Amino acid sequence: MFKKILLDNGLPLLTESASDVRSLCIGIWVKVGSRDENPEKNGISHFLEHMFFKGTDRRSPQDIAMEIDSLGGEINAVTSSEYTLFYIKVLDEYLDKALDLLSDIFMNSTFPEDELPKEKGIIREEISMVEDTPSDYVHDLFSKHLWGSSGLGQAVLGTRETIDAFTRDDLVDHVNRFYGEGNIVIGCSGHFDEARLVERLNATLGQLERKSAGKNFHPSEFHSDVNIITKDLSEAHICLGLNGLPYNTDERYTMHLLNTVLGSGFSSRLFQKVREERGLVYSIFSYHMSYLDAGVWSVYAGTERKNVSEVIDITVNEMRNLSSTVTEEELVRAKAQLKGNLILALESTSNKMNNIAKQEIYYGRYYTPEDIIAMVEAIKLESVKDLAERLSSEAPFALTIYGPTENSDLSGVIDTLK
Amino acid sequence: MKKYTLFFGLLFLIYACVPAASVRNEVAVPVSEGPVYEETLDNGLKVLIIQDASAPLAVFQVWYDAGSIHEQIGKTGLSHLLEHMMFKGTERHGPKTFSRMIKRVGGLDNAGTSKDYVFYYQKLAPDRLELSIKLEADRMQNLLLDHDETLSERDVVMEERRMRYEDDPQNLVYEEVVSAAFKNHPYRWPVIGWMQDLQNASVADLREYYSTRYVPNNAFIIVAGNIDLPAVMASIKREFGKIPRGPQLKPLDVQEPVQRGERRVYVRKEAELPYVLSSYRAPNIESPDSFALEVLAVILSDGKSSRIYKNLVDGKRLALSAGAWYSSTFRYPYLFSVYGTPLPGKSIDELEAALYEELEALKKEAPSEREVQKARNQAEADFIMGQDSIFYQARVLAEFELLGDWRLKDEYLEGIRNVKPEDVQRVAQKYLVQDQRTTGTLIPVINKE
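First to last, the sequence lines map onto chains B and P.
For the record, in the first sequence the residue sitting at position 26 is 26 according to our numbering, with numbers rising by one throughout.
For the record, in the second sequence the residue sitting at position 148 is 1148 according to our numbering, with numbers rising by one throughout.
Chain P extracted, bound-state conformation:
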């Protein structure tokens, strides 16, 4: 699975696999065999537990179907701002105490917001899990959302936007391309929100968003590590079981209109180097074509034997860096992208044309079985080595759960293993076509100083 930039609220930017959210099937199904225990409480809160006796610590994660796709025009950035506010206290545990209490028992906590979801986590000693359970249950229903705290946190998020976007030209291009590629789907606005919307965000907006989406039937919990399963389940039931079920939320149902030709956007900004990003509309894991698209992205861009590196970075010496990016685990169809920064002396147009040539070559002739085998091995090793820690085991499980069922995680590997050379050629012909793409170019502006 390819990496993408998830939006990490409080501390840092993390690279992660992408998911989406839907909380289905609310029948209790304890899985007695196999490594994952599954149970749904009466209020609709699902709990998944991975027991690993060799792990030195435990991980507790709460996932909400409350990513930026659920925001409205003029109110973008609320999901991420609310994630920040979740650390600002409840009636029982005053402002700013959450992280302090976790730290005091030697734990670590953070949260992340993406287009598709929000999640909160703690890593701590297994015998301290009780603290996570109590604190998370408390802030699922009793968040303060104080007026002054909200204003101060809004300033923090605006500062974050300045740092991550206004001062990062390539991120600005990404933001522009995505917002041009989608006309209707809420994927089109950035997770951090537009600056103008952040300025207008109010406590009332946050409160409404919180009260509708932070409910047990719109969330699930994952616990992993060396834990006492019956004790942990009993504790979760005691703390979360009493939280009332919220109103049933309608799943997002937005169709993107047909694209009838290439779209182009330009960003003029002070920068050392130009940059081009070209994104094609592409399906997610619900389409069997997604596996071949994953393999296609690896063939183009994973490692130094990949085509784009071998031909454009190393061979023709056109690009300083270039690659392709795709992730099948977005909840709704998203994008397949190619991008690059030209070497000085080479033009951005020349690089863009060379990127398209690589795509055309794959459409014209299927890759060899050996090249596809190499790509399947890479995708498989990435997936397995990416789960070396229980934190990522829990996270991958959650991401597939958000796509409909955590068991899909096994189908992912199976799907990758079955990709044939002609599948790669076929999906290239089907999706990587000019009329379906949006291209963004960064034009560096020289500062007069």
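Just chain B, same shape as in the assembly:
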């Protein structure tokens, strides 16, 4: 059961209650992420997110850790390019304690000066860890090549150089600029007493009075370049992409369907042609990534050096010809898959919380699963073909390869990308 409630100060609270679980999940979302940062402050949103757990007026970092562990729950935060999320998940009997802890951290953190060097060290090492996982790192490299060195192209973690330079004033400044009422959305899902939840929230977050400054929004620009980063690994990691669609578009489910046909799941074309028929890869999939004002439609594949150009060739061909080859039968299957995934994705308490809050952030309203299914059902083959024609028949591809590959390996396929 979905509900939108406004707290005393106007903060939107989205709730979805369920009676068959014993947990609840509460999230505070702030609409700021790495794309909103000035290049010299890249990584500050994520750094700040870490510093929120370093103590409040009432609690030391050790108190925070001890309290959440004693409840057997989980408190954590996530930073993306467009939002920062703080959440807590506990057994239902701990609603009051959970809210007290989460709101204290969110509203009263002190960001002690002496914790900064330590946390900087941790984030520098997070960067090293990503670099040690090639199948993750290639996506970071790809994003930087796609969107350039500011805005969307900036890594969430920042760079070693920007992190070294952060000061406590930077943190306070970031909170003052972005953590105002106008930028905050609260989500709660699971098993809880609604009246109690609203009462406790009004006593804490409902009292927040902070105006946010406007964002310095960096509009995004898609770059379709070829970048090969040669590295001695046993597999080459490939990201191949086309300019896509932003979050809030009428065509979002048409896009999902098109992507499902191409490369989502075992019966998709790429999985069948590249893996099942030729055994060239273990992992190949396509995905569409949306942002407020932009999107990218990408394919990831990991393969041995000798197969790189064949994998690219098959993928590009599939995408180029999609508008003329996609069939009614594929569309029917993709619709069923999409509808199924929708329901399956809403299984856990935390996923439900994410769903209702993200809809508020990106659409400014809530669509029920039934609404979405009706929208999916209404999509015609012609619309799918039309979208494929616009996105993939002639547009230039961006390509990033990380692994044992050199320019000469691509001589046969490079022209097809343009």
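No lab work stands behind these hints, which were simulated from the structure alone.
Check each hint, because a few of them may be wrong.
To be verified - Restricting the straight-line Cα-Cα distance to at most 30 Å, the calculated cross-link-like pairs of lysine-lysine (BS3-like) are:
(1) K54/B x K3/B
(2) K1310/P x K54/B
(3) K120/B x K1409/P
(4) K1420/P x K1409/P
Values in this document were obtained by computation on a predicted structure and should not be read as measured data.
For this one, chain B is given, so just place chain P on it according to the hints.
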């Protein structure tokens, strides 16, 4: 229960609780009271059903006692390769149609292989369960195992191995430590198999493995969700009931020789950061000590108030990440591990010594009642919140069934609740001793480029 990495065949790596397998007790015992319905068909196939009227979908799972512990030297990786081949069609439903048919009704399917078991599942609308039942019964007995498909899938699995191991230095260390910690028990080889064995895997090997282990008396089914129980049972009996019982399989009976001193292994590999993993031989849930070991692992490593985090990551600033890991739900005694990656400027030896100091401290002095209470709460909440979805309810039930009886799941919580501070100290003294451990170190090699 601690998390561990299970090996997920087709799509992704999933974290899960660990089990083991044995299909006992073949008498039909419908459980009329309580949430689980249980019945065994004449051919030995057991069916467990969890009815949950509030669930929006249904889950269908088939579990086989066919994990990598049943492979032979020189033929490692067969269990996992066969799991891949189970999606390659039968005579009735040609190659590549399984997932497509499930998708067409809006469902989702996948499978997973561990050392102890293989399982297959679908999640779909309750009124579509019939499709799962038909398809799973069909591939339990009619798998094609085509020659060309097998060769192509072997390449896929070799690619998977490159991605998961050859390019993941910490996983390589884990693989080396496990294979040094066990001399005799088949736990010593990786679920994905050694690359050389994969190259040699043949259709004949797969066919033999399939025909002996994919039989009703070596499997069981779990159904969960908002379902019509009599209708589902009738349908299962109709489709699976006609599959003949296979030969009775002997349970694995391999003893591990006594370990008489620490073993050390080194992995030299291109990497940004070094890593150390130290694993001690430890019992499974058959020993009452396992509950105290679970609590011990939580005290050491669960959450930011845990000892290893508080002292080594936060306090002394020795480790970028460090922790402890243990799972009591392996079918045979497995390992209790501590591990860590040092912060730059700190040596791997210093971190290793600090990890041992944490263990020594627990041996010397029992933790406080408050610390143990916190750990019991964490273990209990993990266990309960881990079953928020019917998929995981079914899965936890299966994992305990594989250990001998699904009812053990209630004993698990009871066991955790009864752990006392002195139990934690006692099991630390008993199991976490130098002569019983195997230690692996990753030595990063700088690429010349």
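Verification of the supplied hints:
1. K54/B x K3/B: Distance ~33 Å between K54/B and K3/B Cα, so the pair is violated.
2. K1310/P x K54/B: Given pair K1310/P, K54/B holds - Cα atoms ~13 Å apart, limit 30 Å.
3. K120/B x K1409/P: Distance ~43 Å between K120/B and K1409/P Cα, so the pair is violated.
4. K1420/P x K1409/P: Status holds; Cα separation ~20 Å.
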